[in-house]
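There are 2 protein chains.
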Amino acid sequence: MIRKELVNPKSIAVIGASNEITKPGGKVLRNILDGKFAGDLYAVNPKEEIVQGIKCYKSPDNLPLNVDLAIISIPSKFVPQTVKILAENCSTRAFIVLSAGFSETGDRGAALEKELLEIVDSYDATLIGPNCMGILTTSYQGTFAGPIPSLKTDGVDFASGSGATAAFIMEAGIDMGLTFSSMFSVGNSAQTGVEDILAFWDETYDPATCSPVKLLYMEKIDKPQMFLKHASSLIKKGCRLAAIKAGASDAGNRAASSHTGAMASSDAAVDALFSKAGVVRCYGREDLMLSAALFSHRELKGNSIAIVTHAGGPGVMLADTLSKAGFIIPELKGPAAEKLLSQLYPGSSISNPIDFLATGTAEHLEIIIDTIDNDFPEIDGIVVIFGTPGLMDVTPVYKVLDEKMKNCSKPIYPVLPSVVTAKDAVQYFKSLGRSNFSDEVLLGQTMGNIVKRKEPADTDPELPEINVAAIRKIVDESSDGYLSSTNALALIDAAGIPHAKEITVNSIDELKSASGIGYPLALKVSGVLHKSDSNGVSLNISDENQLLSEFNRLMDIQGANGVLVQEMLSGTELFAGVSRHDGYGHLMMFGMGGIFIEVFKDVVSALAPLGHEEAGFLLKKLRSYPLFRGVRGQKGLDEEKFLDIIIRISALLKAAPEIEEMDLNPVLGTYHSMACVDWRISLKR
Amino acid sequence: MIRKELVNPKSIAVIGASNEITKPGGKVLRNILDGKFAGDLYAVNPKEEIVQGIKCYKSPDNLPLNVDLAIISIPSKFVPQTVKILAENCSTRAFIVLSAGFSETGDRGAALEKELLEIVDSYDATLIGPNCMGILTTSYQGTFAGPIPSLKTDGVDFASGSGATAAFIMEAGIDMGLTFSSMFSVGNSAQTGVEDILAFWDETYDPATCSPVKLLYMEKIDKPQMFLKHASSLIKKGCRLAAIKAGASDAGNRAASSHTGAMASSDAAVDALFSKAGVVRCYGREDLMLSAALFSHRELKGNSIAIVTHAGGPGVMLADTLSKAGFIIPELKGPAAEKLLSQLYPGSSISNPIDFLATGTAEHLEIIIDTIDNDFPEIDGIVVIFGTPGLMDVTPVYKVLDEKMKNCSKPIYPVLPSVVTAKDAVQYFKSLGRSNFSDEVLLGQTMGNIVKRKEPADTDPELPEINVAAIRKIVDESSDGYLSSTNALALIDAAGIPHAKEITVNSIDELKSASGIGYPLALKVSGVLHKSDSNGVSLNISDENQLLSEFNRLMDIQGANGVLVQEMLSGTELFAGVSRHDGYGHLMMFGMGGIFIEVFKDVVSALAPLGHEEAGFLLKKLRSYPLFRGVRGQKGLDEEKFLDIIIRISALLKAAPEIEEMDLNPVLGTYHSMACVDWRISLKR
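Taken in sequence, the protein lines are chains D and Z. In this text, residue positions in the first sequence follow the numbering used here: the first is 48, and each later residue adds one. In this text, residue positions in the second sequence follow the numbering used here: the first is 48, and each later residue adds one.
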């Protein structure tokens, strides 16, 4: 739990404070002083009287009675005892431990970390770290690492599972003019992880005083359900979240494991988690900062964009990028467009991109933005590209741009490319609290990444009623591992999932009743491992004679203990599968089967539970989705019946969380039917 | 033709020189002076005696006898006459016309541009512009626009079809430390377009004195064959080319058309052109500059990378990015790896990424790079990520990095993320002539874009012998438009392309001979437009009775003038198509047919001629390629027979360039056969 003393302390003691600012204990004090912390500030160092101009105590024992927050930078072995003294003598309830030498170094360090945590927990105190870079809030600059960004309540909030990475991320953000409201480097996360920061943001969120933009850097998600809960909650309150979860590849996982001890997790599960929560997934520092800068603008409510530029080329490249990302750059037409054209220099173009020429003025820009705002309600957002080859001072243009950004009802994204030539003007623009997207193509790509984000999914969607009692009975009576075909079928039946009729028979007598399924039939030998290799499958059996002879043939195969007689269905192959991931719960996957999954890897996935709406949304994201609607004169597939199977699986998983893996493959579909033909379910408690 | 006077003039006259550096004529003179041009410099302005400290002539008539290059910035209407005077009186043979007011403004301007061009051409002189930003060479800074990059013979060469865009591109390059050798802004390209600059680079290329890195920004490619010839030639000489061709989308094309008068061109043709030439295609300024910076390093000869970092996070993100882009980040193992580990601080990791911790030193970096260079021949390139949270000066590390980059046999790409915190150290590194990739993920993405580039394709590949005489006869005797089915078939036959046997019959007598094709047969009515709607197709005819009755039924359809009797083939649908694009020649496309092309858009394309090697390379790029090898227990398709069809089409196009469109769809394939079943060919002279 994060206490207010951590974020907004009345007093801070730096334990291990130093005059040398090349040491963490020196630099963190320097930063707190530079940040003009308004409360009481104490230094502790046995060898000093005064440190960086402030009184220094020889030992924590000598400190005043009340210290809200201690920032500790001393050898690790002294940390637990120091924390105990502070908690006991000074009622300190917030600790930031910068010192390394804990669990990241091996077993002895891990024991020390455990000892530290037990002390902190026993006082119901907050611990950040150990082995962390510190934190930044609008109240104080409690980190030893640079850069220190401009800290404002309307800046962005940022939590990172890696210290140096957080510093490098902020470098990129500062460069584009981004301001921050807070930064948390959680280090070893002994007590407080990135998920806990997320929970804190959620529980204390007040739209009047808090930043709506939240950013995360993670190499592991220890508590996916906590992440889901608070990320969705924040987004539902109006926040916008973007996050990096690094370690998606084998090499990346190997690196993350050695860096932050992250366990390899399925990247599909991470994707599904982000998607369920409504979090924009980023993959790099530039990407994350661009997303943050975009989020810091007015909300973009649609995908129709006007590009306003005084230089053709960047407008062309941006139009290409946005088109590729699914945006529309509609031509502007009609009397308002013609009036606009008449107000610009001859040779200007208003077809969108609106090119008002290298000689275009601040006044022109004002007219253009006002016209779009007032006369083109179909436009959702505006990108303004304005640099200079150096003949004029563009500051007046940037002044107008800033004004318009305040007043225009649509978001305006500024691209100011002349970062060298118009350095001062760009700096002036940033000093107004604005970000600059210096590259229009990177901006367009980020816009594309954000626009495809969905609102948080319903975490408790309506699911069909299924026979839970029957399901529980089968599951409770089964042991871990793969269910027998009969039990698996019974589960599917109880969930109301349509399937091919089938019966397993051992004798010719039983075979007769099987023929009631109706021809054509398929036979599969039971008790034999490699059915195909041993010629143990017989398809398209169309009459009783054939049935009898094939039954006899199959029963003669060595090891045969019966024959599965199944309704012979035809149709297009689809599939649905489930795998359970620690902490994440069940990941459901579905799509067209056969080569579509094997060759084209065309599959969608989501975390359970999956309601009708989300399943339908996902289905449409399949590249093969047109096959559901029918292509090349062929009838489509029964989409509703397939979605019904998906949400019935979801209901089944809710009734039987013990299911570890499940495969319905293939499901055979036609334009009026869906039925699964083969299934496999395993349990693990 | 570009004359040496343009690039390396002994004397320059600025016509329209001014004291006001907010005017192009003032700024260009300022830039030439700032660049310390070593030759004679003259100013011309009727109103001044001295301009920016140099003697000013009232009129070009008064200039000395020899002026190599004139840079002209006066009202457009005076330009032609001025050029004539200079050419006549001063033997000027190179002109850069900065002035606007020519073809970009309409018909009158276009007439003026034509007049200007005729004068220039009559003196066999070189013209850059009009309406351009000027040029930069290592000899002089002949542009009125900023920024002026550092100009060195080992910098990159850059030509741009858009002036302001060139300036903005250079902004991005300068920011990452890139130096330039030349910059050409071609403006309206009245005489000299981007392709001509490319030709000039090719014709004058000397590896001892010229930069091997060439960059282009284009919105149109007026002379694709010229582009292909010189781009491939430069690359074969060891150069590396990257280019933006903006205007790929509808909106982008609209913008390019209003910006530089570009005609919409097929983006697939542009892709095919770049691919044939071996040029890396970029889509944005950042992208182009990153490619240039990568190109300026030692050649990367494979896809196996070592990541060396002192901060975990960026290493993880880069490992993810490179893995996704097809690179390998192999684990480093064995005695050399163990020895390396023992030389680093405890807690370091050498598994790749090699993480030598926040406290890692310059000496460590040296040991790591030497070990990789000496003991791990399987590694092709190294990325070094080294920033700082600010506690130490990283300059010593960057010194070592620069040294190692000189000596290491593998390319080393530096990622120095602390652009704010370690500003001075990064600046120092750049001052050594080095570029900085400040974002590892953008670097990884660019590496991925470059590594998939292919060497220039063979522009005269060996093609199968086909019956050219027969082809020429048919083509010469046919008029423009679609060929009759019979003529199209004859062309296909002459090209040796396998096809279903077929014959068109009008009577029952003829029908009898048709049955010699062999059952099963397919019948299609002739003379009726919508065959399927009118039930005019009959498939799987298996005997003479059925043949007769179906023939009669089809002949009874209104408008029927015959029946096509065709061998009934079965197999997987493939397709091959051709479309001709002005200037580009024939664009060939092929892949799996049916839903693979219609739903998955899974198609490869290339400019003709297409030899066996290139066709085979492309085929493997199809997402559906595994179907050729066989999947899910099914036999594959006869790849060689399909490739043979492709190269026969290529030979056919060479024999009959009049072919405007051609479609073989479907081609039916099995594991041992390929034959086309339907075809359509049109001619246009």
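Read the hints as simulated data drawn from the structure, not as lab findings. Be a bit skeptical, because a hint or two may be false.
No distinction is drawn between identical chains; accordingly, a pair holds when it is met within one copy or between any pair of copies.
As the list claims (entries may be wrong) - The calculated lysine to aspartate or glutamate pairs, modelled on DMTMM-like cross-linking and capped at a C-alpha distance of 20 Å, are:
| hint | residue 1 | residue 2 |
| --- | --- | --- |
| 1 | LYS682 | GLU620 |
| 2 | LYS682 | GLU707 |
| 3 | LYS501 | GLU385 |
| 4 | LYS682 | ASP580 |
| 5 | LYS70 | ASP440 |
| 6 | LYS51 | GLU425 |
Item to check | Hint check against the structure, violated hint numbers in rising order | outcome: Violated: hints 2, 3 and 6.
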